[in-house]
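**Student:** Taken in order, the sequence shown gives residues 111 to 706; the numbers are from my numbering.
Hint data in this document are derived by calculation from the structure and do not stem from the laboratory.
Hints are not guaranteed to be accurate.
Stated by the list, open to error - In silico EDC-like links for lysine to aspartate or glutamate, alpha-carbon gap of 16 Å or less: (1) Lys529 / Asp482; (2) Lys174 / Glu223; (3) Lys529 / Glu586; (4) Lys264 / Asp482; (5) Lys174 / Asp230; (6) Lys264 / Glu586; (7) Lys701 / Glu612; (8) Lys280 / Glu384.
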Amino acid sequence: MSPFRFAFATIMTGSIRWQHFDSATLAAAATADRPVLMVLTVPWCQHCRELMATTFADPQIVAKVNDDFVPVHIDAERRPDVNQRYGTGAWPTIAWLTPGGELITHQNFLDAEALSSQLDRVRAAWRDRRGDIERGVADIVANASHAEAPIRTKLRRQMTEDVASAIYEKFDHRHGGFGETSKFPHPEALDFALVQAQKRGDERMREVVTLTLDRMMQSPLHDHVDGGFFRFSQTPDWHTPNYEKLLDQNALVLRAYLEAYQVFDNEAYRRAAEGIVEWMLTTMREPGSGAFAGSQNGDMDYFAGGGSERSHRPPPLLDRTVYCHANAIAVSSLLKASAVLSQPHWREHAMATLGFLLDNLYDGREVYHYWDGTYHLPGMLADQACLIRALIDASQHTGDSDLLQPAEAIADRAIERQKSKTGGFYDILHDPGNAGSMRRRNRSILDNATMAESLMRLSYLARRPELFAEAISALESFASDYREYGYYVAGYGRAVDLVFYEPLFVTIVGDRDDGRAVQLRRAALSTYVPSRIVQSLDPDRDPVLLERSGLEIRDYPIAYLAIGSTVQSVAGDDAELLEAMAKLQSERRAKLRRPN
Numbered sequence: 111m112s113p114f115r116f117a118f119a120t121i122m123t124g125s126i127r128w129q130h131f132d133s134a135t136l137a138a139a140a141t142a143d144r145p146v147l148m149v150l151t152v153p154w155c156q157h158c159r160e161l162m163a164t165t166f167a168d169p170q171i172v173a174k175v176n177d178d179f180v181p182v183h184i185d186a187e188r189r190p191d192v193n194q195r196y197g198t199g200a201w202p203t204i205a206w207l208t209p210g211g212e213l214i215t216h217q218n219f220l221d222a223e224a225l226s227s228q229l230d231r232v233r234a235a236w237r238d239r240r241g242d243i244e245r246g247v248a249d250i251v252a253n254a255s256h257a258e259a260p261i262r263t264k265l266r267r268q269m270t271e272d273v274a275s276a277i278y279e280k281f282d283h284r285h286g287g288f289g290e291t292s293k294f295p296h297p298e299a300l301d302f303a304l305v306q307a308q309k310r311g312d313e314r315m316r317e318v319v320t321l322t323l324d325r326m327m328q329s330p331l332h333d334h335v336d337g338g339f340f341r342f343s344q345t346p347d348w349h350t351p352n353y354e355k356l357l358d359q360n361a362l363v364l365r366a367y368l369e370a371y372q373v374f375d376n377e378a379y380r381r382a383a384e385g386i387v388e389w390m391l392t393t394m395r396e397p398g399s400g401a402f403a404g405s406q407n408g409d410m411d412y413f414a415g416g417g418s419e420r421s422h423r424p425p426p427l428l429d430r431t432v433y434c435h436a437n438a439i440a441v442s443s444l445l446k447a448s449a450v451l452s453q454p455h456w457r458e459h460a461m462a463t464l465g466f467l468l469d470n471l472y473d474g475r476e477v478y479h480y481w482d483g484t485y486h487l488p489g490m491l492a493d494q495a496c497l498i499r500a501l502i503d504a505s506q507h508t509g510d511s512d513l514l515q516p517a518e519a520i521a522d523r524a525i526e527r528q529k530s531k532t533g534g535f536y537d538i539l540h541d542p543g544n545a546g547s548m549r550r551r552n553r554s555i556l557d558n559a560t561m562a563e564s565l566m567r568l569s570y571l572a573r574r575p576e577l578f579a580e581a582i583s584a585l586e587s588f589a590s591d592y593r594e595y596g597y598y599v600a601g602y603g604r605a606v607d608l609v610f611y612e613p614l615f616v617t618i619v620g621d622r623d624d625g626r627a628v629q630l631r632r633a634a635l636s637t638y639v640p641s642r643i644v645q646s647l648d649p650d651r652d653p654v655l656l657e658r659s660g661l662e663i664r665d666y667p668i669a670y671l672a673i674g675s676t677v678q679s680v681a682g683d684d685a686e687l688l689e690a691m692a693k694l695q696s697e698r699r700a701k702l703r704r705p706n
């Protein structure tokens, strides 16, 4: 157990007899005729530690919980499947369930007095109004089942404009970011906005990107000493951070600063990106395995003290759990950093991390959610989507098309086992042993957007149009209600945009280790392109893909430039390739841009 988790676990050693959440626990609750009390926490959360150390240490609370409930503790990061069904969306969550595993009610942090009253109310309601509770649960289940049949609607170009408008509507023109209270970076929204700014000359989206990145970078949300960014600010000016740092969020913010640096040539963006990489490689990476820790504890005394104060204090503890999705995102962002900032050794670090994931969290059939010395929780859609994307990015940056084989295998199994009959993908595998809310598989618009984009990119590289059709089907299943989510579904808008704004597809045919092929690959990845795919096809190593491509083999490496699948031009060296890419992009922008 990592020191971080050990420190958290010591808080949990009070008198409450915490159980695991499984069928045996629910059976025990049914036998005892007691509701389940579920507490969901995350390891980096100060309020979670306070709840466990104070509220649940109160002798009156301990007695009531042990006498009248079956207590269950869940690590929400290790069990996102449970968190998505019983959590409030914030931590800690205190939830009450029927013995059958259906949610009765849930709340967030409660002190001992408030929790004592709530325990009394739930206990009395279960004793005196059980029929009303069970009928209410049955109605919720019926409504949820009805909602599983979405109205299929064709995708439209207007959808990307709708998402752009939703982003701008909530944009804070003074401080950047979104909303009027607490502020999160929302890097997916920045990614979408930069695409629109570049391809259409949308000045609204340019303002969204530059003002947000500038204000974040200049604020205390940015750790100017150790590098990286804290999770969020409690105030809209970014000046009141919660000091925890998360791997997945920082990896996505890294991509935002890298791409903004490519577009705007702002040296401050480059320095912010380098700081994130430094934090990832120095603080978060386990040198022996190459894997990254999940998060760093938010120690306010350490982080608020500045550089001189930190030199006298030990750094905050890490949660050394290796999460598949977060490490996969880190792989993709490190690969981009290696290309944009010309640091080839970062690519080697990224490939070592990918190797760890393939060796320990993928067994040729299942993708597992996390590793703590062994693998756990197969079949989470987000893990599969992010690992497919990491494999795609690794193939692009190394020229190794063999990396597409596990990506295809993961995609095929997800389609086979998690595709909904009504469109889209379920978040978890079907498990006949699940009870209550865990029986119902959800379709997340965010996870489906990530999977759809991964499938579209894979369809080009593997020359398999049926994967593109699966992506379209997934996106169409949310086309009637995406507006309900506002700027939170910028990733969905990005995937839809990829349907209508076909990628610039650069295919380099020739010996992938030839110096000229390496230079072509490096050039193809070096500049910002709103939608780009790069592939290296080696005649000796990739005969099947090369035959599918229909591209000509020459005596020397050559780059074919296509929009989608239609070849537009060829290039024989890196300068010629960069010129051809710029020309194609300029022509495309001229067709799209219009006065705002």
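**Student:** So, for every hint listed, does it hold in this structure?
**Tutor:** Comparing the hints with the structure gives:
| no. | hint | in the structure |
| --- | --- | --- |
| 1 | Lys529 / Asp482 | 29 Å, violated |
| 2 | Lys174 / Glu223 | 12 Å, holds |
| 3 | Lys529 / Glu586 | 13 Å, holds |
| 4 | Lys264 / Asp482 | 43 Å, violated |
| 5 | Lys174 / Asp230 | 8 Å, holds |
| 6 | Lys264 / Glu586 | 6 Å, holds |
| 7 | Lys701 / Glu612 | 14 Å, holds |
| 8 | Lys280 / Glu384 | 29 Å, violated |
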